[in-house]
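Chains as they are written, first to last, in numbering that gives the first Met the number 0: chain H, 0 to 249; chain F, 0 to 322.
Keep in mind the hints are simulated off the structure, nothing from the lab.
With a cut-off of at most 27 Å between alpha-carbon atoms, the simulated DSS-like pairs for lysine-lysine come out as follows: (1) H/Lys28 x H/Lys70; (2) F/Lys146 x F/Lys156; (3) F/Lys183 x H/Lys70; (4) F/Lys146 x F/Lys230; (5) H/Lys77 x H/Lys65; (6) H/Lys77 x F/Lys104; (7) F/Lys230 x F/Lys28; (8) F/Lys230 x F/Lys156; (9) F/Lys183 x H/Lys114; (10) F/Lys104 x H/Lys70; (11) F/Lys183 x H/Lys77; (12) H/Lys230 x H/Lys199; (13) H/Lys28 x H/Lys199; (14) H/Lys77 x H/Lys114; (15) H/Lys28 x H/Lys65; (16) H/Lys117 x F/Lys183; (17) H/Lys117 x H/Lys77; (18) F/Lys28 x F/Lys284.
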Amino acid sequence: MTLLLQVQGVTKRFGGLQALTQVTFDLPKGQILGLIGPNGAGKTTLFNTINGVYHPEEGRILFQGKDVTNKMPYHLAKMGMARTHQIVRPLNELTVRENVMVGACFGHENQSLGKAAKIADEVLEFVGISSRTDQLAGSLNVAQKKRLEMARALASHPHLLLLDEVLAGLNHSEIDGMIQMILDIRTQGITIIMIEHLMKAVMNVSDRIFVLDYGEQIAEGSPEEIANHPKVIEAYLGDPKLAEQLMEEN
Amino acid sequence: MKNWKQYIGIIVPLLVVAGLMLYPTITGKAAARETAFTILKAIALASSLNILLGYTGYVSFGHIVFFGFGGYVGFYLLSVQGVSLWISILVGGISSGLLAFLLGKAILRLRGAYFALATIGVNEAMRAFINNIELFGGPIGLTLNFKAYQAYGGAAKALEMAFYIVAALAFLALIMSYFIRTSKFGLGLLAIRENEDAAEVMGVFAPDAKTWAYVLSAIVPGMIGVLFFFKNGNVEPHDAFPLHASIELLVMVMLGGQGTVLGPILGAFAYQGMRGYLVTSDFFKDIQLSVSGALLLMIVLFIPSGAIGWLRQRNAVLRRVLA
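All chains should be built: construct the whole structure from the sequences, respecting the hints.
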């Protein structure tokens, strides 16, 4: 099993705030890793650190065996890392197709414009917004913008895909569609880390789950192990004994 | 038929410039050539500024610094060193490009209003600097010996030639603008304009792309500067770095529509036409700049994407046709 990503003792501070403390994990190729934790636990910060938006104060990050700790986001994109944002960032004044073409043109495959347009049409079909291709991205609704974020990331044919709360703000049928899409992406051989608050989804989709609380890793393991881990229950519900009582009452 | 439509975004702008180039010959009036010269110069400058302002989304309030700096370098070669006009124009363009490269490395990391302020500072600093350089004649500037025109067949011939050169430079600016707009590099610039952080995450090397956009937007203004001062016969710091001319360029680009190939051309055309009327009317001649100020205000308030942008937003067919 080859390791695609290795995060070793990563620590990130913002002034006096300790956002990440000694975070360490390995991610083998082809897995889906679920990243969960209460609000403010540092999940998005961890993404930003992996992705080069922030640089950690301590620790190392290896991607495909190379040290990428102090690389910029565009270096990592060129190496085959793609991500979506929790708060969508569409390129409003460009068409939906042009948005996706940016992903294909500047990702690690460095496609030409013509090839990128073809890839964009394929990917838009895959995420199910091909009827919007020539619309301006700013005119899409939130669910469509989330799909656009996904399409842009996929168009680069990444090795590693970071999904930041792609299910938030979607309704039930949209969530089911998105989960199916994530499973389809995995069959294409793309490794995924997903941040998600929706437990049902993370538990079903992930091979492994990693839990952060106040910037510290409190648990790591299979979905079943995590669901019964006392520290995780405590982080989400406070006192574990209280949580157990609540469970029994139900 | 479909192929023809695909190129309409460049055909219309080329026709406008070609029309302007032929306009003096058709009308046969001497004044017509001066009018056309001013409009072509405005088209070349506005199209250049558009590469940075319209495609990349960085507002340069002091873009005229490249016109002045390139103009000074070229004019120095022309008047003091006796270098030919062609080489002087070329060197003027290159030196403006170099200046933009160095400035870009320093100030393009600033975003939004901070970058705009820095460009004003650069323009004013350059004016003060040139004012104190003995080599460039200090505050008095440089003058071209009248005999220099003889190499080009006399003053009348030289003026005619200058007109055709400005037309050629307008063509150059247009073609550059079109190729950037339709290239992969251009797509990267548009992505930076829309959201620089998202563009970086998708793999656009924003610092490099911005610097090259700045360089490309500076070359033609430098060349135009050399030509303009050659035609005038002298250069002074006051004429080379007029801040209000920078703002007029912004008005042109915003009026026609930033980020499109055709927009700055229409804007330059309309603005120079309006200005031509205002400076000759009794009532407006002293307050014509306040009219441009009011115009800029109206554009920003009501049609922030300019005339062409307004049309593109409302019609999907036009969006494909008007690059």
